[in-house]
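Participant: Going down the list, the protein sequences come from chains A and B.
Just so we're aligned: 105 in full-length UniProt numbering is position 105 of the first sequence, and the numbers increase by one with no gaps anywhere.
Just so we're aligned: 23 in full-length UniProt numbering is position 23 of the second sequence, and the numbers increase by one with no gaps anywhere.
Heads up, a few of these hints could be off.
Note: identical chains are not told apart, hence a pair may lie in one copy or across any two.
[As the list claims (entries may be wrong)] In silico EDC-like cross-links for lysine to aspartate or glutamate, where the CA-CA straight-line distance does not exceed 20 Å:
1) K86 to E110
2) K43 to E97
3) K43 to E33
4) K86 to E97
The set of hints was computed from the structure by calculation and includes no laboratory data.
If you want the building blocks of each chain, they are given just below.
Number of protein chains: 2
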Amino acid sequence: MATLTLTTRDDTRPGADSAACCAPLAREPLTAEAATTLARTMKALADPARLRLLSLVASHEGGEACVCDLTEPLGLSQPTVSHHLKVLVDAGLLTREKRGVWAYYTLVTEAMNAVAAVLTAPSGRTSASTY
Amino acid sequence: MATLTLTTRDDTRPGADSAACCAPLAREPLTAEAATTLARTMKALADPARLRLLSLVASHEGGEACVCDLTEPLGLSQPTVSHHLKVLVDAGLLTREKRGVWAYYTLVTEAMNAVAAVLTAPSGRTSASTY
């Protein structure tokens with residue numbers, strides 16, 4: 001699987017560009033296409049086990065973790081954890097690198113930040129943000 | 001279902017505090033409870049029509065819109081749009097105010113920003129963000 005290079009975009013993994021495409025959704029109406037792409041990423045995030053996996057991987061020593069590090073804290077079987085990890089890799093939110101017996105997963109911070117940027121309301125738009 | 005009161009909030013809308021609870025998920029492991037709550041909000045966001053609705057409402061004149069403003073740009077029936085709006089209100093992402101014949105919807109920017117804050121990777125965590 002290709003290394004992430006979000007700036008030069010030759011990345012063909014599904015979801016990899018999912019959110020990087022879009023201005024903050026509160027600033028201008030999302031196109032149907034952008035909404036479909038973003039919804040796909042949101043779907044990958046819309047699961048408690050997957051959110052915990054992202055969090056465990058990111059906060060693990062060295063910012064990476066293998067399945068062997070993740071099954072116990074989640075209390076799920078290895079096949080289930082592997083399935084969720086695959087969904088997150090397919091969504092472009094984790095990268096996977098095989099080293100020896102295990103595959104190691106790392107958070108794709110650019111992808112997470114891109115999703116966050118789309119959701120963030122531009123400052124000054126509402127009373128809530130002017131205080 | 002119990003009302004969430006994770007801060008001092010006297011807000012009883014379901015989901016209103018959904019994301020305000022959590023530190024950035026990349027900083028420390030999400031608890032199972034926080035992950036469940038956040039996943040519920042993500043589920044509300046994991047639909048193209050709902051993402052477009054949030055975007056249309058937020059970018060509409062005055063930052064509010066009624067169903068009458070939303071059916072045409074989405075190309076969906078009024079009952080379908082109303083259903084999606086209800087999901088977003090229940091998730092604490094929109095507020096609804098009845099005025100005369102129509103109900104007017106407004107984006108809850110704090111809720112959107114709270115979700116964004118949980119997803120945002122703390123700066124300096126990875127090589128990606130140092131360059």
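Participant: Each of the hints needs a verdict: does it hold here or not?
Facilitator: The hints, checked one at a time:
With identical chains, the CA atoms of K86 and E110 are at most 20 Å apart within one copy only, with a shortest distance of 18 Å there and 32 Å across copies. Proximity of K43 and E97 under a CA criterion of 20 Å is satisfied in neither setting, with 23 Å inside one chain copy and 29 Å between copies. When the C-alpha separation of K43 and E33 is checked against a cutoff of 20 Å, the pair qualifies both within a copy, at 15 Å, and between copies, at 19 Å. In the homo-oligomer, the alpha carbons of K86 and E97 lie at most 20 Å apart inside one protomer (12 Å), although the nearest pairing across protomers, at 42 Å, exceeds that limit.
Consistency with the previously given hints fails for number 2 only.
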